[in-house]
Amino acid sequence: MSQTHREMNGAEIFLESLRKEGVDIIFGYPGGAVLGIYDKLYDCDFIHHILVRHEQGAAHMAEGYAKATGKVGVVLVTSGPGATNTVTGIADAYMDSIPIVVFTGQVPSKLIGNDAFQEADIVGITRPITKHNFLVREVDELASTIKKAFFIASTGRPGPVLVDMPKDMLAKITKFIYPDHVEIRGYKPTYSGHSQQIKKAANALRKAKRPLLYVGGGVVMSNADRELTLLARETGIPVTMTLQGLGSFPMTDDLSLGMLGMHGTFWANMATENCDLLISLGARFDDRVTGNTETFAKDAYKIQVDIDPTAIDKNVKVDLPIVGDLKNVLAELLTELAEKPVTTDFTDWWSMITKWKDACPLEFENSDGKLRAQYVLQRLSKMTKGEAVVVTDVGQHQMWTTQWYEFNHPRSHITSGGLGTMGFSVPAAIGAAFAIKDRPVISISGDGGFQMNMQELITAAAYKLPIKFIILNNSFLGMVRQWQDLFYKEKYSFTDLSKTNPNFVKVAEAFGCKAMSTDNPAEVDGLINEMMEYNDGPVLVEFKVVKEEMVFPMVPSGGSIRDIMVKRLDPNRLV
Amino acid sequence: MKKIISVLVENKFGALNRVATMFSGRGFNIHSISIGVTEDPEVSRMTIVTSGEANILDQVIKQLNRLIDIIKVIDLSAEHHVARELAMISVNYQKGIRSEIMNICEVFQGKVVDITIKSITIEVTGPPDKIDAIINMLTPYGIKDVARSGLVALKREEQIIIKPKKEVTIS
Ligand SMILES: Cc1ncc(C[n+]2csc(CCOP(=O)(O)OP(=O)(O)O)c2C)c(N)n1
Numbered sequence: 001m002s003q004t005h006r007e008m009n010g011a012e013i014f015l016e017s018l019r020k021e022g023v024d025i026i027f028g029y030p031g032g033a034v035l036g037i038y039d040k041l042y043d044c045d046f047i048h049h050i051l052v053r054h055e056q057g058a059a060h061m062a063e064g065y066a067k068a069t070g071k072v073g074v075v076l077v078t079s080g081p082g083a084t085n086t087v088t089g090i091a092d093a094y095m096d097s098i099p100i101v102v103f104t105g106q107v108p109s110k111l112i113g114n115d116a117f118q119e120a121d122i123v124g125i126t127r128p129i130t131k132h133n134f135l136v137r138e139v140d141e142l143a144s145t146i147k148k149a150f151f152i153a154s155t156g157r158p159g160p161v162l163v164d165m166p167k168d169m170l171a172k173i174t175k176f177i178y179p180d181h182v183e184i185r186g187y188k189p190t191y192s193g194h195s196q197q198i199k200k201a202a203n204a205l206r207k208a209k210r211p212l213l214y215v216g217g218g219v220v221m222s223n224a225d226r227e228l229t230l231l232a233r234e235t236g237i238p239v240t241m242t243l244q245g246l247g248s249f250p251m252t253d254d255l256s257l258g259m260l261g262m263h264g265t266f267w268a269n270m271a272t273e274n275c276d277l278l279i280s281l282g283a284r285f286d287d288r289v290t291g292n293t294e295t296f297a298k299d300a301y302k303i304q305v306d307i308d309p310t311a312i313d314k315n316v317k318v319d320l321p322i323v324g325d326l327k328n329v330l331a332e333l334l335t336e337l338a339e340k341p342v343t344t345d346f347t348d349w350w351s352m353i354t355k356w357k358d359a360c361p362l363e364f365e366n367s368d369g370k371l372r373a374q375y376v377l378q379r380l381s382k383m384t385k386g387e388a389v390v391v392t393d394v395g396q397h398q399m400w401t402t403q404w405y406e407f408n409h410p411r412s413h414i415t416s417g418g419l420g421t422m423g424f425s426v427p428a429a430i431g432a433a434f435a436i437k438d439r440p441v442i443s444i445s446g447d448g449g450f451q452m453n454m455q456e457l458i459t460a461a462a463y464k465l466p467i468k469f470i471i472l473n474n475s476f477l478g479m480v481r482q483w484q485d486l487f488y489k490e491k492y493s494f495t496d497l498s499k500t501n502p503n504f505v506k507v508a509e510a511f512g513c514k515a516m517s518t519d520n521p522a523e524v525d526g527l528i529n530e531m532m533e534y535n536d537g538p539v540l541v542e543f544k545v546v547k548e549e550m551v552f553p554m555v556p557s558g559g560s561i562r563d564i565m566v567k568r569l570d571p572n573r574l575v
Numbered sequence: 001m002k003k004i005i006s007v008l009v010e011n012k013f014g015a016l017n018r019v020a021t022m023f024s025g026r027g028f029n030i031h032s033i034s035i036g037v038t039e040d041p042e043v044s045r046m047t048i049v050t051s052g053e054a055n056i057l058d059q060v061i062k063q064l065n066r067l068i069d070i071i072k073v074i075d076l077s078a079e080h081h082v083a084r085e086l087a088m089i090s091v092n093y094q095k096g097i098r099s100e101i102m103n104i105c106e107v108f109q110g111k112v113v114d115i116t117i118k119s120i121t122i123e124v125t126g127p128p129d130k131i132d133a134i135i136n137m138l139t140p141y142g143i144k145d146v147a148r149s150g151l152v153a154l155k156r157e158e159q160i161i162i163k164p165k166k167e168v169t170i171s
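For the protein sequence lines, the chains are A and B, in the order given. Following the working numbering, the numbering of the first sequence begins with 1 at its first residue and continues without gaps. Following the working numbering, the numbering of the second sequence begins with 1 at its first residue and continues without gaps.
Extracted from the complex, chain A is given alone in its bound form (with noise of 0.2 angstroms):
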């Protein structure tokens, strides 16, 4: 060997792998396992560590900065509740298939099994929620095991990927030696879909005449809105998009159906109920789009494109599957599709879904002075013209945010999908901005989720970060309100905050944020325009709105479009 390596402790090693990852920002907090690191931090000038106010937060942030920039968010901790508190995020990550790396501290190697002094067994603990996780024995193996560990985070289906490091090896000094390749026998994703599939795939549009796209997450991952959005235009197919798959098309093209599923338009649920051909692309039919999975699309014919073979034949049947990459597999059937293209005219389709449309359109009341959660983001949608980041918390305003920010680009839509976990979008939007220079990063939350990662707000300000953070405050765990009014004869039970929510202005402007609060819907548009125009740190604007509101249309749980609830019957129109 001719090339010198230099001598280094296992923490300088640490660092020195980043680097070589191209990872110039981590999300941390110190504790006992992991001094070695904070100390050669100290004197680290590539490596920018956010100091979060939890644990769980900057597993959040890592998230956000991976959806926002599909990058690997690295996430560093110590041992024990360190490593703990970051559970949450790493099952959040892993339903929502998002490309992190936490970094935990453990005890020394002597002391691992002994009950030591903050020992937790988080390899143990985050087996079934990582892709993959490592305990580093030998310092030795550290820089190979981080190679190993951002490759599978980043590779094939994303997620995340856990590394212990025991304390007395981060103090072990040995050569350091980058590998510039990994090898894993028993991990080898398909990249290329197959080719005969594809034409069949390719002959199904052709052939078909009432079809539909429907797109989930797989497609922003894998950077396939391109050649997504030329598939739609070029043959004229309706597109329906999924939770996590929203921004992949523009929403205010004509094309765009908006989201599917449980909260989802009316008409995207009926093209999917009468479509003839289903294409799902990065999709995984999880149950809230689908409900009955008997009667999902039940006639039509099914093609599932997915890099995840497991994804393949999960919850619903396909008659088509390709394993692969969407962007490449999308480019070869547009490549097919050059050769001979779908010639269908899809004009009886369409009508049929205008149809739909014009019969269940979205719609809230709009003219009794009262302000509403949709009414404000309907102005936000316009006033940011779609072009903003927005990050959303769990709950109502979650889903109205799908029904009425129109967003246009992908990584512009942020949130909890698979796990649903309230307190997501502060920190994730934190995340986001330590990314995302040139767009407005906005997060969005209902008055409880809000509550459960706030202590970031001062994350926010340290940093000077210009967050416009919303609260859609309704006074109750809107969504759980609203399955106890629908599912549970009104019992509102422990979900009624209005006589113990802080207040949210006075809490925002403790943790150093500039604060305001409406309940006048005359005044949204002033705040929101003031809202945007602040940029000398983290704002924070409180909506008042009704606490009643509910969010429809709504498939029932399990339930099929002829079991869409539109409107709350009023029963007094019953008698």
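No wet-lab data here; the hints were simulated from the structure. Where is the CB? At the ideal position from N, CA and C, for every residue including glycine. Some clues are possibly wrong.
From the structure, some residues in chain A lie toward chain B, with a derived Cβ separation under 7 angstroms [unchecked claim]:
(1) Pro128
(2) His132
(3) Arg185
(4) Gly186
(5) Tyr187
(6) Lys188
(7) Pro189
Beta-carbon label-pair distances, calculated as ranges [claimed, not checked]:
(8) B:Ile30 with A:Arg562: 40 to 50 angstroms
(9) A:Arg226 with B:Thr38: 18 to 28 angstroms
(10) A:Asp115 with B:Val146: 29 to 39 angstroms
(11) B:Thr21 with A:Glu387: 17 to 27 angstroms
(12) B:Leu154 with A:Tyr463: 44 to 54 angstroms
(13) A:Cys44 with B:Glu158: 54 to 64 angstroms
(14) A:Asn315 with B:Ile30: 19 to 29 angstroms
(15) A:Met565 with B:Val37: 51 to 61 angstroms
(16) A:Arg185 with B:Glu53: 29 to 39 angstroms
(17) A:Arg185 with B:Ile30: 16 to 26 angstroms
(18) B:Glu53 with A:Glu523: 54 to 64 angstroms
(19) A:Asp115 with B:Thr38: 31 to 41 angstroms
(20) A:Lys370 with B:Glu53: 30 to 40 angstroms
(21) B:Ile30 with A:Gly558: 25 to 35 angstroms
Simulated pairs of lysine-lysine, BS3-like, Cα-Cα distance not exceeding 30 angstroms [unchecked claim]:
(22) A:Lys314 with B:Lys72
(23) A:Lys370 with A:Lys544
(24) A:Lys188 with B:Lys3
Dock chain B with the ligand against the given chain A, drawing on the hints supplied.
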């Protein structure tokens, strides 16, 4: 339905746990699992016998394939295969019955691996139904302990198949 799954895994700590988690997470019982190193010291083979709904089992096989430490998963139930199990059965015996026990042992081509004036331990290998049968035969004499290895199995190579679809059973 019952399935025999053969899994080649990296010989690393935690690999067994990952596989077991995959089954337990879906509420599947593992009837037997046996692990041993292969011709490559860095690779182990697990033979897992499990049962459950066919489509969920197919999903589990796919999920197993997704685990990073897993190199290959083979659904042996869908292939011609040879499967064997080893059992050690220790029997307490009264005077005068020893030869009866020895006879049974012989019929099943077993071996006596330990003997005292009160007990006898027999080693027997074969397909699981053969093991079940000898245990059945010995039960009346008073079985003290049974240790079964769980199934080990390999795919049968095509050219040596004499009677396709039918398992060759000894005795
Ligand atoms: C961590 C966590 N705990 C509980 C829930 C269950 N849950 C789902 S929505 C919801 C209510 C959310 O209320 P709020 O944050 O005020 O938002 P809204 O629905 O009113 O918009 C709850 C409690 C959850 N999703 N996540």
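Hint-by-hint comparison with the structure:
no.	hint	verdict
1	Pro128	holds (5 angstroms)
2	His132	holds (4 angstroms)
3	Arg185	holds (5 angstroms)
4	Gly186	holds (4 angstroms)
5	Tyr187	holds (5 angstroms)
6	Lys188	violated (10 angstroms)
7	Pro189	violated (10 angstroms)
8	B:Ile30 with A:Arg562: 40 to 50 angstroms	holds (41 angstroms)
9	A:Arg226 with B:Thr38: 18 to 28 angstroms	violated (46 angstroms)
10	A:Asp115 with B:Val146: 29 to 39 angstroms	holds (36 angstroms)
11	B:Thr21 with A:Glu387: 17 to 27 angstroms	violated (44 angstroms)
12	B:Leu154 with A:Tyr463: 44 to 54 angstroms	violated (59 angstroms)
13	A:Cys44 with B:Glu158: 54 to 64 angstroms	holds (60 angstroms)
14	A:Asn315 with B:Ile30: 19 to 29 angstroms	holds (25 angstroms)
15	A:Met565 with B:Val37: 51 to 61 angstroms	holds (59 angstroms)
16	A:Arg185 with B:Glu53: 29 to 39 angstroms	holds (31 angstroms)
17	A:Arg185 with B:Ile30: 16 to 26 angstroms	holds (25 angstroms)
18	B:Glu53 with A:Glu523: 54 to 64 angstroms	holds (57 angstroms)
19	A:Asp115 with B:Thr38: 31 to 41 angstroms	holds (36 angstroms)
20	A:Lys370 with B:Glu53: 30 to 40 angstroms	violated (51 angstroms)
21	B:Ile30 with A:Gly558: 25 to 35 angstroms	holds (31 angstroms)
22	A:Lys314 with B:Lys72	holds (20 angstroms)
23	A:Lys370 with A:Lys544	holds (10 angstroms)
24	A:Lys188 with B:Lys3	holds (26 angstroms)
Violation of the numbered hints given earlier is confined to hints 6, 7, 9, 11, 12 and 20; the remaining hints are satisfied by the structure.
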